[in-house]
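Engineer: Residues per chain, in single letters:
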Amino acid sequence: MRQLRALWIRLRGLIGARRDEDDFAAELESHVAMHTEDGIRTGLSPTEARRQALIRLGGAEQTRQAYRERHTLPWLENSLRDVRYALRQLRKSPGFALLAIVTLALGVGANTAIFTVIESVLMRPLPYAHADRLLYIGPKIDTPGFYKTSWLNYRDIRSQSRLLKDVAGYSEDLSVVESADGPQNVVAPHITPSLFSMLGTRPLLGRAFTEAEGVTGGPSVVMLSEELWRQNFHADRNIVGRPVKVGGTLHTVVGVMPASFQFPDEMGPDIRKGIWLPLQPSQEMLTERGYQFFSIVGELAPGVTRAQAQQELDAIAAHISGATTITKNTNLFRATPYQELLTGSVRPVLYALFAAVALVLLIACANVSHLMIARCLGRQQEFAVRSALGAGRWRLARQMLWEGMLLSLLGCGAGVILAQLALRLVRKLPDGTIPSADSIGLHWTVVLALAAIAIVTTVLSSLLPALLVARSDPQAALQAASRGVGPRTVSGKLTGWLVMGEVALSTLLLVGTGLLFHTLWNLEESQLGFDTDRVTTFSATPEDAAGFSNMAVSDETQGAPASVATLVYQPVLERIRHTPGVQSAALITALPLTGFDLKSSFEILGQAKDPANEAQARVSAVSSDYARAMGTPVLRGRMIGDEDVSTAPFVTVINQAFEKKYFAGKDPVGKQLNLGGKDTGMIKPYTIIGVLADQVDNKVGSPAIPLILLPQQQIPTTSLFYQALLKTTVSFVVKTGAEIPVAAEMQSVFHQAAPGFALDDFQTMRSLVDKNTFSHKLGLYLVALFAGLAVAMVIAGLYGVLSQFVSYRRHEIGVRMALGASRSSVARLVLRQGAMLIGAGLVAGLLLALAAGRLIKGFLYHVQPLDLWTYLFAVLLLTCVGLIATLIPARRASSIEPMRALRAE
Amino acid sequence: MGEKNDVWQGTLALMALRTLETMGPLHGYGLARRIEQTSGDLLQLNYGTLYPALLKLEQEGYIRSRWGVSENNRRAKFYELTKAGQRQVKKAAAEWEQATAILARFLAPAEEA
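Residue numbers (the working numbering), protein chains in the order written: chain A, 80 to 984; chain B, 252 to 364.
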């Protein structure tokens, strides 16, 4: 305690040092005076008495120093002096200081900010309890996807699996919710009650479904999403327990789920204002294994690997098909991590990101190091003088240390502020620009790790030259003749390595950036397969939308009800086409990029069925005029037209991907497709009459999936497809002659012809595309920004390093020229040396880039990791920058007046 | 061995405290002279070292100082013991006595094996 008190007083002493020193001087003066008086009293002369007093005191100045040291904390005082000196030094060369601080700030701050945003855009970690152990279980089909299976399979997996902690399932569906504000189209997945406990999300209000609600004939209950509850029910806190009309029948609201709960996430953003219904298995579900409209998710038990679970699933699959081992006829399952299926495998992207962060930081550090080293070499003489005047090596080093410390602290501080500001800007962006921007927080671990690395490198690089200088004989440095830094000195070699290192790093980064830019370019230019100009789309949902879960194949083929396509959609389309300004209009059930999707297995008549690989394709009902409204070319045959009514021969149009996959090289026109026969109610086969060019389906940039287009009027009302495609939400596309809003006209058309329909989602095709490509594009823009930042830094650094390297040799060049070297030979000398360093760096960098190219492969679109143009571009750019960076100083070197270079520096 | 001894490390503080305890408030010069007198002029104090020692004691809170007027009407800084200082004198004196007693046992002529 006493020590602490003393320390505190000494610390305080630092502040009032001046006044206390005066006080002590007075005390000493009185001491000497008293001593002198005593001396006089003993008979000494006043001068002698004073002399004696001073001798006994042991020297006034020394006493004062001892007192001072005790009074304050000498090491702290010294450090403060160093800091003040360092600050003065930095102020004296503001350009250097600013450059170093900005470089570090960008290296630490911008780096972190970009990393944070990209990570949250790309990763979108799912907000569920054990998201990392969540598996999606579907039939084994060659390309991964959210493929559906049957409820019976779900039941068997759930009852037989031991390695899965729990298994839950759902079937996607759409419905209409009625509130005081009118009908609202919603996505309405039916889910098993176990899903809630598995995902671990608590309802905002009320409760989750109970097991008793998840059985056939269970009570009609519903859970609302937060957004729907806020928008359509005005955030009524008493909603729980009240009846709400869903799909025409009354359901009791049992709970409201928070906005963070968006399961099933693959249904897209619409789920944010959706509803959830309990899965109550229908008769078909309970009896038909071919009734494949069901999705299964499972949670791995702790400690169980995916491979183990997959093995168990294989065994269950064999068991289901009635065998003990897997045979040719076993319909296998595949378990894929839910997150991976949703966002694609992100690990390579994450690694690439880390690599990019590390590279940018490395370059920043290399730049700053070089700045420090160059500065120190320039100050060699100053150090020599100070060393000659008696400054210890440690004292000199300490001073440099403080300079480095100060710089890096200022740089990192600025970096943290920069990162914070950048993230604040990100949060200020309009809603939805970046998914869940509000929750993007600064990655403190990343910031701190980067800052720590930056500080260590800066301090080390500030220390190194100081030690080099201190070790050297001050005498030599003081003599003008040895002032130059030749290529063979320690510092010269250091600079050489730095040049090479920077060139290598820049090559790596430039190649990486080039590949990403190329990808960005390809995405921008990627084939949509349709025009986006003047095309508006909207969705319509019948009041009595059936929903997939209540579908049934009707056995009566006689006296089947008339189709909504003939009764409503066809007349409505006629009216729309006659609306002024409308050029063409069509109906499509699986509009590109909307996420409305129905996949079905099929058979090509006359072709052998491959049991291991079930043929699946997207199926969509379509009206006449679709190809024209969308501007998609018909490649073969003809498109579906008004003549394809229910009584005409059944026809179908397939897309190019379908043709490629199932009719490699053969003409598909005239071939027949069977879409399930009795199982689905599609008794009659469909004859292919044409091939439509590919359109993007659910994601811009991913390859097109085989598609079967059926005339809307030729879908039997007794089939499953009728309810799944037509008796639910359908999309309309309207091509107008000019940029005009059509929403009001469409509303009035429906109001007159089909008043029960809910219209929604009015938007242009352009905005649909923009929305879809946004997150990918944003991710790429950010990555490019990242790399651009690094490249700019590299170019500046490279130029600095090379020109510095030449200017070190001014003196040597002067000597050479004095000895008779010509200007051109001097320029050649400098150029040769620069070229050698750049060449070596380029080779090293290209080798690195080749190795690293594999890492970002997953992120590239239609670009090979060994993209020739990118490599050429990187090499050319770096050679140019390198040459310019050497040429300018080479010219300066060759124009040196030898005498001036020798005399003065 | 010289005629006069330097002050051993660490003992100066105790000497100063003890002197202040017996003599009451003293200025630096007076304190130095008093210490020399008490030692029977066996100790030769380097006066310069006294002041940092006093400063240390003051920082530790054992003594306090104020400006006053000396017997010769000279402005001087007077030091006096605080309560904590009084306690410290007792404690340090006891410790010192114990230490010297222990040492004395070693230095005493061996009485028996």
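A couple of the hints might just be wrong.
[What the hints assert, rightly or not] Far from chain B by the CB rule (all over 12 Å, computed), these chain A residues: (1) Arg89; (2) Arg147; (3) His150; (4) Leu159; (5) Arg163; (6) Phe175; (7) Leu307; (8) Glu367; (9) Asn410; (10) Pro640; (11) Pro650; (12) Pro728; (13) Asp839; (14) Ser903.
[As the list claims (entries may be wrong)] What follows is a set of in silico ranges between Cβ atoms, one per label pair, in the way DEER data are often shown: (15) Arg325/B with Tyr164/A: 37 to 47 Å; (16) Ala531/A with Thr273/B: 57 to 67 Å; (17) Phe357/B with Gly138/A: 34 to 44 Å; (18) Ala104/A with Leu265/B: 21 to 31 Å; (19) Glu461/A with Thr273/B: 17 to 27 Å; (20) Thr289/B with Gly138/A: 39 to 49 Å; (21) Gly492/A with Thr273/B: 51 to 61 Å; (22) Met274/B with Gly138/A: 20 to 30 Å; (23) Met274/B with Gly492/A: 37 to 47 Å; (24) Met274/B with Asp102/A: 55 to 65 Å; (25) Trp473/A with Ala345/B: 54 to 64 Å; (26) Ser158/A with Thr289/B: 40 to 50 Å.
[Claimed, not checked] Coverage of chain B stretches by chain A, computed from C-beta distances (three or more under 8 Å per stretch; other residues unrestricted): (27) 274 to 281; (28) 323 to 336; (29) 345 to 357.
Think of the hints as simulated: they come from the structure by calculation, not from any bench.
Predicted model, so just to flag it, every value in this text is computed and none were measured.
We put the beta carbon where it would ideally sit given N, CA and C, even for glycine.
Engineer: Now tell me if each hint is right for this structure.
Structural biologist: Hint-by-hint comparison with the structure:
Chain B draws Arg89/A into its interface by the beta-carbon criterion, the shortest separation being 7 Å against a cut-off of 12 Å. Arg147/A, annotated as away from the interface, has a beta carbon of chain B within 12 Å; the closest lies near 9 Å. Some Cβ of chain B comes within 12 Å of the Cβ of His150/A; the nearest lies about 6 Å off, and the non-interface call is violated. At the 12 Å boundary, the C-beta of Leu159/A stays outside the reach of chain B, the nearest C-beta of that chain being 20 Å off.
Under the 12 Å C-beta cut-off, the non-interface status given to Arg163/A relative to chain B holds; the minimum distance is some 25 Å. Here Phe175/A stays apart from chain B, with its beta-carbon at least about 42 Å from theirs, past the 12 Å limit. A cut-off of 12 Å between C-beta atoms confirms that Leu307/A is not in contact with chain B; the least separation is 71 Å. The non-interface label for Glu367/A is consistent with chain B: the shortest C-beta to C-beta separation is roughly 92 Å, beyond 12 Å.
With a cut of 12 Å on Cβ distances, Asn410/A stays outside the contact zone with chain B, its closest approach being about 87 Å. The claim that Pro640/A lies off the interface holds: its Cβ sits roughly 101 Å from the closest Cβ of chain B, which is beyond the 12 Å cut-off. Distance check for Pro650/A against chain B: the nearest CB is about 100 Å away, which clears 12 Å, and the non-interface claim stands. The claim that Pro728/A is not at the interface with chain B holds, since no C-beta of that chain comes within 12 Å of its own (minimum 108 Å).
Consistency note on Asp839/A: stated as away from chain B, and its beta-carbon is indeed over 12 Å from all of that chain's, at 80 Å minimum. Chain B leaves Ser903/A outside its interface by the beta-carbon criterion, the shortest separation being 70 Å against a cut-off of 12 Å. Taking the beta carbon of each, Arg325/B and Tyr164/A are about 42 Å apart, inside 37 to 47 Å as hinted. The hinted window of 57 to 67 Å between Ala531/A and Thr273/B holds, with their beta carbons roughly 59 Å apart.
Taken as a hint, the range 34 to 44 Å holds for the pair Phe357/B and Gly138/A, whose Cβ atoms sit roughly 38 Å apart. A C-beta distance of roughly 28 Å is found between Ala104/A and Leu265/B, which places it inside the suggested range of 21 to 31 Å. With their beta carbons about 58 Å apart, Glu461/A and Thr273/B fall outside the hinted range of 17 to 27 Å. Taking 39 to 49 Å as the suggested C-beta distance range, the pair Thr289/B and Gly138/A does not conform, at roughly 25 Å.
Look at Gly492/A against Thr273/B: about 57 Å separates their beta carbons, and that is inside 51 to 61 Å. Under the hint 20 to 30 Å, the C-beta atoms of Met274/B and Gly138/A, about 28 Å apart, fit the expected range. In this structure the supplied range 37 to 47 Å is violated for Met274/B paired with Gly492/A, their Cβ-Cβ distance being about 56 Å. Judged by the Cβ atoms, the range 55 to 65 Å given for Met274/B and Asp102/A is violated: they are separated by roughly 23 Å.
With their beta carbons about 43 Å apart, Trp473/A and Ala345/B fall outside the hinted range of 54 to 64 Å. Our hint of 40 to 50 Å for Ser158/A and Thr289/B holds, since their Cβ atoms are close to 42 Å apart. Only residues whose C-beta sits within less than 8 Å of a C-beta in chain A count toward coverage, and the region 274 to 281 of chain B has 4 of them, enough to reach three; the restraint holds. With 5 residues having a Cβ less than 8 Å from any Cβ of chain A, the region 323 to 336 of chain B passes the three-residue criterion, so the hint holds.
For the region 345 to 357 of chain B, the proposed coverage by chain A is not satisfied: 0 residues have a C-beta within less than 8 Å of a C-beta in that chain, short of the threshold of three.
Hint check: violations occur at hints 1, 2, 3, 19, 20, 23, 24, 25, 29; the rest are consistent with the structure.
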